[in-house]
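Asker: Sequence:
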Amino acid sequence: MPGLTSELQDKENALVEDLRGRGRLLVAFSGGVDSSYLAWASRQALGKDFLAVTAVSPSYPASHRVMAEQIVRDFDIPHRFVSTHEMESIEYRRNAPDRCYHCKSELFSRMDELLDELGFEALAYGINSDDQGDFRPGHKAAEEHRVLSPLLAAGLSKPEIRTLSKRAGLPCWDLPASACLASRLPYGTEVTAERLSQVDRGESLLREMGLRQVRLRHHGEIARIEIDPAECQEGISPEWMRKITQAIKPLGFKWVCLDLEGYRMGSLNEALSNETLSNEALSDQALRNPLAGTLLDGESSDENSSGYESARHSVQVDFDLPVLPRAK
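Residue 1 is where the sequence shown starts when you use the numbering used here, and the numbers rise one by one after that.
Treat the hints as calculated values from the structure; they're not laboratory data. Be a bit skeptical, because a hint or two may be false.
As the list claims (entries may be wrong) - No farther apart than 30 Å at their CA atoms in a straight line, the calculated lysine-lysine pairs in the BS3-like style are these:
| hint | residue 1 | residue 2 |
| --- | --- | --- |
| 1 | K243 | K254 |
| 2 | K254 | K158 |
| 3 | K11 | K140 |
| 4 | K11 | K243 |
Stated by the list, open to error - Computed beta-carbon distance windows for the label pairs:
| hint | residue 1 | residue 2 | range |
| --- | --- | --- | --- |
| 5 | D116 | I236 | 29 to 37 Å |
| 6 | C257 | A14 | 41 to 49 Å |
| 7 | A230 | P171 | 18 to 26 Å |
| 8 | D10 | Q246 | 15 to 23 Å |
| 9 | G23 | K243 | 47 to 55 Å |
| 10 | W255 | P176 | 38 to 46 Å |
| 11 | D116 | P229 | 47 to 55 Å |
| 12 | S197 | I236 | 48 to 56 Å |
| 13 | D174 | Q233 | 13 to 21 Å |
| 14 | P238 | G23 | 56 to 64 Å |
| 15 | Q246 | E7 | 29 to 37 Å |
| 16 | V82 | K254 | 47 to 55 Å |
Each residue gets a CB set at the ideal place from its N, CA and C atoms; glycine is no exception.
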């Protein structure tokens with residue numbers, strides 16, 4: 001983590017000045033490192049003339065809500081919880097690689113409603129300069145809704161945000177990176193409230209065992225656990241294996257497996273390096289296929305294409321959703 005240099009202080013000063021010029025602001029706030037620091041900086045810049053907005057849905061981890069409530073209370077941040085309904089969207093539930101686009105579209109649409117209702121002037125969210133490498137279709141939704149990205153504009157990286165958050169006294173400054181619970185499901189696996197609950201409860205149990213950077217990837221009857229290698233340098237004892245298995249199996253899994261590559265952010269995006277998927281891969285025609293679990297072939301992809309605008313390859317579908325009219 002970098003030290004507090006004069007250059008970093010200049011970045012924070014520029015951020016605060018930028019926020020002051022934005023007028024009344026709605027800030028998307030999850031309780032994670034980036035959004036918490038953005039909410040804190042907005043409090044410094046705008047006093048109480050802004051509102052932090054937290055979206056609550058089955059994909060939102062319970063631990064994040066606890067952290068969000070603590071930060072709001074301790075730092076006197078104007079705040080509101082809102083319910084989002086991405087689970088009602090077939091485009092979200094079908095879980096193509098553009099899933100985040102549909103989730104963020106729902107979030108920003110809800111915030112747009114608040115903006116009009118409460119007389120605010122702009123929306124902002126916590127993307128930083130390190131967030132541009134991984135596959136992140138949610139950013140397109142932000143662009144479509146004209147959501148500001150003040151941390152990115154200030155050139156702040158994740159380590160720099162941690163440094164500034166620590167100085168500010170934010171309790172989340174050293175929290176491991178996280179994402180919504182749906183990111184634990186492989187593309188093509190239907191997002192359901194039950195599966196999200198299994199993941200949330202499982203990861204909570206693993207953290208109670210002392211693990212910090214951990215993911216439970218949901219592969220049907222298999223729970224694939226990723227642990228930061230730094231947390232298990234002395235190996236995994238048979239006793240620890242037994243405890244993990246006894247905790248996770250009752251959640252509805254038949255097998256509990258440890259990923260020997262360990263934790264890595266966006267590991268389910270690794271499949272995209274070989275086959276780029278899009279929402280079109282789970283077309284209405286594909287969903288009508290009576291053989292659930294078969295491979296559905298699409299057109300070959302231009303290797304220079306990227307994201308969900310790329311051409312289709314194949315994806316395994318293991319659910320049966322009703323066919324609805326395609327969104328305009």
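Asker: Would the pair K243 and K254 pass a check requiring their Cα atoms to be no farther apart than 30 Å?
Answerer: holds (15 Å)
Asker: Hint says 13 to 21 Å; check whether the CB-CB distance for D174 and Q233 agrees.
Answerer: Holds: the Cβ-Cβ distance is about 19 Å, inside 13 to 21 Å.
Asker: Next pair to validate is K254 with K158; report whether the Cα-Cα distance is within 30 Å.
Answerer: Answer violated: K254 to K158 is near 37 Å, above 30 Å.
Asker: Given the hint of 47 to 55 Å, check if V82 and K254 actually sit that far apart at their C-beta atoms.
Answerer: violated (37 Å)
Asker: Return holds or violated for the Cβ distance of P238 and G23 against the range 56 to 64 Å.
Answerer: Distance hint for P238, G23 holds at roughly 60 Å.
Asker: Can the suggested window of 29 to 37 Å be confirmed for the beta-carbon pair Q246 and E7?
Answerer: At roughly 50 Å between Cβ atoms, E7 and Q246 fall outside 29 to 37 Å, so the hint is violated.
Asker: Okay, D116 versus I236 on CB: inside 29 to 37 Å?
Answerer: violated (53 Å)
Asker: Quick check: does the Cβ-Cβ distance between D10 and Q246 fall within 15 to 23 Å?
Answerer: Given a distance of about 52 Å, which is not inside 15 to 23 Å, the answer is violated.
Asker: How does the Cβ-Cβ distance of G23 and K243 compare with 47 to 55 Å: does it lie in that range?
Answerer: holds (52 Å)
Asker: Does the Cβ distance between S197 and I236 fall inside 48 to 56 Å?
Answerer: violated (26 Å)
Asker: Between the alpha carbons of K11 and K140, is the straight-line distance 30 Å or under?
Answerer: Between K11 and K140 the Cα gap is close to 25 Å, so the pair holds against 30 Å.
Asker: Do the beta carbons of A230 and P171 sit within 18 to 26 Å of each other?
Answerer: The hinted range 18 to 26 Å holds for A230 and P171, with Cβ atoms some 22 Å apart.
Violated hints, listed in ascending order, are 2, 4, 5, 8, 10, 12, 15 and 16; each of the other numbered hints is respected by the structure.
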